[in-house]
Structure formats: structure tokens, C-alpha cells
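K.L.:
Which chain is which? The protein sequence lines are W and R, in order.
Here my numbering is used: the first residue of the first sequence is 1, the next is one more, and so on.
Here my numbering is used: the first residue of the second sequence is 1, the next is one more, and so on.
To be clear, the hints were calculated from the coordinates, so they are not data collected in a lab.
Among the hints, a few may not be true.
What the hints assert, rightly or not - Which stretches of chain W does chain R cover? Using the computed rule of at least three CB atoms under 8 Å from a CB of chain R, they are:
#1 110–123
#2 173–183
#3 224–230
#4 274–284
To be verified - Some residues of chain W that are not near chain R, with every Cβ distance over 10 Å (derived):
#5 L141
#6 G170
#7 P304
#8 I306
#9 K357
Glycine included, every Cβ here is placed at the ideal spot set by N, Cα and C.
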Amino acid sequence: MTDHSYFDLHVHSTDGSDDAGATVEGYCKWVEARRKSGYHVDGFVLTEHRRYLADADYAALGAQYGVTILRGIEVETDVGHVLVYGVTDDFLGRFDLSDIALPYAEVFAAAEATGGIAVGAHAGRPRIGLVEHVGERGVSLETVGIIEALNGGSSDYENGRSFDLAEEHGLQTVAGSDAHFVSALGRCVTEFDVPVTSNEELVAALRSGAFRPVRIEETREGAARKELPSAAHIPSTSGQGELGGDALEMDESVIGQEVHAGSLAVTLESIAAYCEALEETNPLYTNAVWAENEGPYGTIVAPPGILNTARLRPGPDPQVRFGDQSFMAGSRLETFTPIRPGDTIEAFTQVKEVYEKTGRSGRMVFIVRRTRYANQAGVDVAATENSMVMRQVKALDD
Amino acid sequence: MSDPLEQRYFEDVNLGDEFEELQQPTSEHVQQFLSQGQNGGGGGGDRAGGRFSSAAAARSQGLERPIVPGTMSMAMITRLVTDWMGPLGHIVQLDVSYRRPVLHDDQLRSVALVTDAETAPQVHLDLALENERGERPLQGTAIVTLPTRG
């Protein structure tokens with residue numbers, strides 16, 4: 001087993017992906033922990049969404065933890081997402097990476113022509129994987145040699161569809177965790193028959209064909225290999241929505257403008273009602289006697305989550321004309337100072353950014369709003385960021 | 001389930017430690033949570049056209065059942081962290097992304113995993129809500145500070 005090397009070929013970090021919650025150093029520490037548990041992970045490839053970290057230098061970090069950190073990119077094409085390894089300036093110069101519908105055949109061909117190699121990412125996922133485009137539109141796989149068939153973020157059914165496509169068309173297969181969070185890294189990895197220590201060696205190894213997807217538990221010394229899944233025997237998942245091609249219409253002038261969005265009166269009663277809804281029993285928030293005598297603040301304080309109940313005016317409207325429904329995509333809470341009963345919290349909101357990308361449900365537009373909360377003394381007590389995703393939906397009864 | 005009265009200290013935390021709580025948000029819980037929304041001045045209640053309370057509205061939007069508001073899911077995972085860290089702990093930052101809807105009556109396992117506990121007093125956590133269908137509708141991270149015994 002020592003002749004082989006094991007790489008997670010699909011990893012996102014806070015250095016380059018807006019939806020990732022893991023730092024590169026966090027991943028390195030997790031690799032250390034996995035090794036102590038007997039698993040084998042030699043390194044990983046950062047494949048940030050539509051962004052190549054050309055200037056990033058992870059050599060020192062990699063040396064510190066004994067982890068090989070390589071770089072690629074995940075781009076979005078008209079047949080779904082594509083991972084590119086061995087990225088060169090020549091390759092980058094041929095495409096507008098912000099485009100969410102790059103011509104896939106050109107991406108695969110350009111990667112090959114510029115010294116790299118392209119891989120169809122999470123091939124079995126609806127809309128953003130190759131399977132559906134081959135099945136429904138009959139797209140050609142002439143330029144495609146490898147697909148990611150074992151993806152840590154895909155369901156068993158989606159991975160099964162990928163393996164079925166590979167079997168049917170004679171494609172080679174790799175694995176990647178698609179990690180966005182530390183503990184997901186290495187969930188599945190690609191086993192190479194040779195050591196890999198650089199981006200050039202990674203491309204050479206992928207071109208050699210001597211590799212295979214494995215699950216993390218299969219990297220242990222003496223571990224048995226499990227059969228690869230087929231979608232034929234796995235319950236299906238469903239996709240929604242359609243890819244749209246229209247340019248995004250919006251008012252960019254409102255981005256960054258902070259406005260007063262409302263006031264939140266925090267009382268003992270509102271804290272108690274919140275705790276009841278959440279079945280909260282922490283005495284810091286629920287027991288006045290305990291909080292006064294033994295708590296760190298001399299009084300009950302509000303649970304940090306109480307800010308989630310504030311119904312504020314939405315703030316400036318970027319007037320995005322897209323989709324027919326919006327959902328919460330993500331939230332961030334930063335806390336600075338405890339919120340106490342009797343506090344009047346003023347909220348100030350701004351549109352931080354607007355961007356688009358593609359997912360299982362097709363094309364999506366994200367609006368990120370940041371809200372700053374200040375108490376009656378003008379002290380910032382917390383901040384939140386909420387990301388709303390706008391997309392087309394399809395009724396179940398249609 | 002963590003005892004919120006028990007104080008956790010930085011020295012007691014190790015990389016890979018895992019903790020969890022089981023929760024099942026019912027329609028009543030969701031209504032209680034939404035009723036808090038009168039505060040703030042921006043209007044409250046089920047502003048999204050009923051998908052948080054109405055089966056018909058949910059189905060018209062492609063959802064099997066009414067869903068739990070994202071803000072409530074975030075509040076549930078926040079509670080997991082505050083229960084675990086104890087009264088002297090402090091949430092510096094908590095980030096979540098909503099990957100799939102949380103449906104009313106879903107049997108949820110809120111789970112957290114320590115991913116970094118090297119630099120006192122900060123501890124990094126990975127967070128997730130898992131449902132009975134094996135999905136992770138919410139994933140995220142938190143940075144908390146814990147008191148040290150010294």
C-alpha cells in the first residue's frame with residue numbers, strides 16, 4: 001500500500017469559495033487527525049469555485065503538516081461543473097471564469113491543450129453533472145475522459161448514476177470529497193499508483209490512467225474494497241428548475257449602502273418566549289436566580305439566536321429580476337457583547353453582494369445582506385449576514 | 001445531550017470530539033418561533049406565503065411538507081453550541097449554509113465536531129443538522145472561546 005498515494009481531488013476553502021467554511025490550515029490539521037486514526041491521505045487539491053488561486057503559496061503550510069497541497073479550479077459549463085488540474089495562464093486566458101455556462105467541449109479540449117486535464121465533477125447530480133445532459137440532450141463525450149464518480153457531497157443514487165455513465169461510455173473515474181467544511185475532507189479520495197507531489201505530477205498521474213476512486217475507510221491497511229454503486233438499486237433523488245441563459249438584471253448602485261432596518265426591544269418576556277419555542281433550558285437564559293448568583297453577567301442575558309427572530313425591513317433593494325421564489329442559503333452570526341433584558345437594539349442593514357451560480361436546482365442568484373446590531377449605548381452587540389437564493393421552482397402537483 | 005449548567009474548559013477539549021442533541025421541530029414549535037417575529041418593526045409572521053405553515057403553500061413551491069424557517073434551524077444549531085460550551089463560553093462566530101429544507105416533524109440530530117483546539121482559548125467546530133433520511137440540510141462552522149483552568 002505504500003507505493004500508492006491518496007488525494008482528495010475536490011476541496012473548497014475560505015481562501016476562494018464563498019460557500020466554504022474551512023481554512024486550508026484547518027484541512028491540514030484534519031488530515032493529521034485522520035492519519036492518527038489509521039487512514040491514508042497524502043494531500044488534497046483546492047478546486048475553488050470559478051477562481052484559481054494563482055498567487056497562493058501553501059508550501060510552508062504543507063511542509064509544516066506533511067500534507068501535499070495542490071491547486072486546480074472548478075468551473076461551470078453548459079453540461080455542469082468541471083474540475084481542471086494543471087491550470088496554466090494560457091488556460092485561464094481562454095475563458096471568462098465568471099461565466100456559469102462555459103462551452104464544456106472547449107474547456108476539456110483547452111485543458112488538454114494547455115498542459116492540464118479536465119474532469120467532469122459530481123457527474124450524477126441533477127443539472128450540474130454530466131449524466132443528465134448526456135441522457136436528455138445527448139451531448140457528446142468525445143472530449144471527456146474522466147468523471148468524478150464518487151463525490152462526498154452527492155447522494156448514493158447520484159454517485160450510482162455517475163458509475164453507470166462511466167461503465168456505459170468507458171470513462172475513467174476519480175473521487176473527491178467536495179469538502180466545504182473541515183470534517184468532510186477525505187471522505188472519499190483517489191488512489192494513484194505513483195507518488196504525487198506537484199500539480200505536474202498530478203496531471204501526469206491522471207493521464208496515465210493508473211488511479212481509482214476509494215472511500216476513506218478503504219485506505220486503511222488491509223481494508224477490503226467495497227463494490228462500486230449502481231443507480232439501478234438505489235432510491236432516486238429529484239432535481240428542480242431549469243438552467244436559464246439571460247443576463248442578470250439588477251441595480252448595483254445600492255450595494256454597500258447601510259440603512260436603518262428596525263429596532264428590537266429585548267425584554268424578559270421576549271427572552272422567555274424565545275426560550276420556550278426552542279425548548280431552551282440553559283439557566284443563563286432562563287433562570288433569573290441562577291443568572292444573578294452564579295452567572296457571569298449578574299443577570300439573565302438573551303440567547304445569541306434571539307436576533308434570528310427580528311423581522312427587519314429588508315434594506316436597499318438591488319431589484320434582481322430573476323426566479324419566482326427565494327430561500328435562505330446561508331447565515332452568519334458574530335457576537336460581540338451580551339444582549340440584556342431592557343436593551344433596545346437598532347439594526348442597520350446593507351446589501352453586501354449579489355452573485356450567481358448553478359446548483360442541483362439549476363441557475364441561482366444569491367443576495368447577501370449584512371446587518372449590524374447596536375444597543376442603546378451605540379455599542380455593536382452582534383452582526384449577521386444572511387444569504388438569500390433566488391431560483392425557479394416547480395410545484396409538486398404540476 | 002450536554003448539560004448547560006456544566007462549564008466546559010479549553011483543556012478538556014480534543015480534536016475530533018463530537019457532541020449532539022436530538023430535536024424534532026413540530027408545527028407548534030414553528031408557530032411559536034414565528035410569533036416572535038412581531039419584534040423588529042419590519043412585519044412578522046409567515047411572510048413567505050405560507051410555506052412555513054401551510055401544506056398547500058409548501059407543495060405549490062415544490063416542497064413535500066411545510067418547512068422550518070432557516071433562522072429557526074440556525075437557532076437550533078446555536079443552542080447545541082451554547083449548551084455544550086457552558087455559561088462562560090462565548091460564540092465568536094457561527095456560520096451555516098442551508099443545503100436542503102428542514103420539514104416539520106423531521107427527526108433531527110444536531111451534531112458538532114471539534115476540528116481545531118490548538119490555540120487557547122479558541123475552539124473550531126463543524127456543525128450539521130442530520131435528518132432521518134440521511135441528509136444534512138444544514139452545515140456550518142463555529143468559533144467559540146472557552147475559559148481555561150489556569
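K.L.:
Checking against the hints above, which ones are violated?
P.N.:
1, 3, 7, 8
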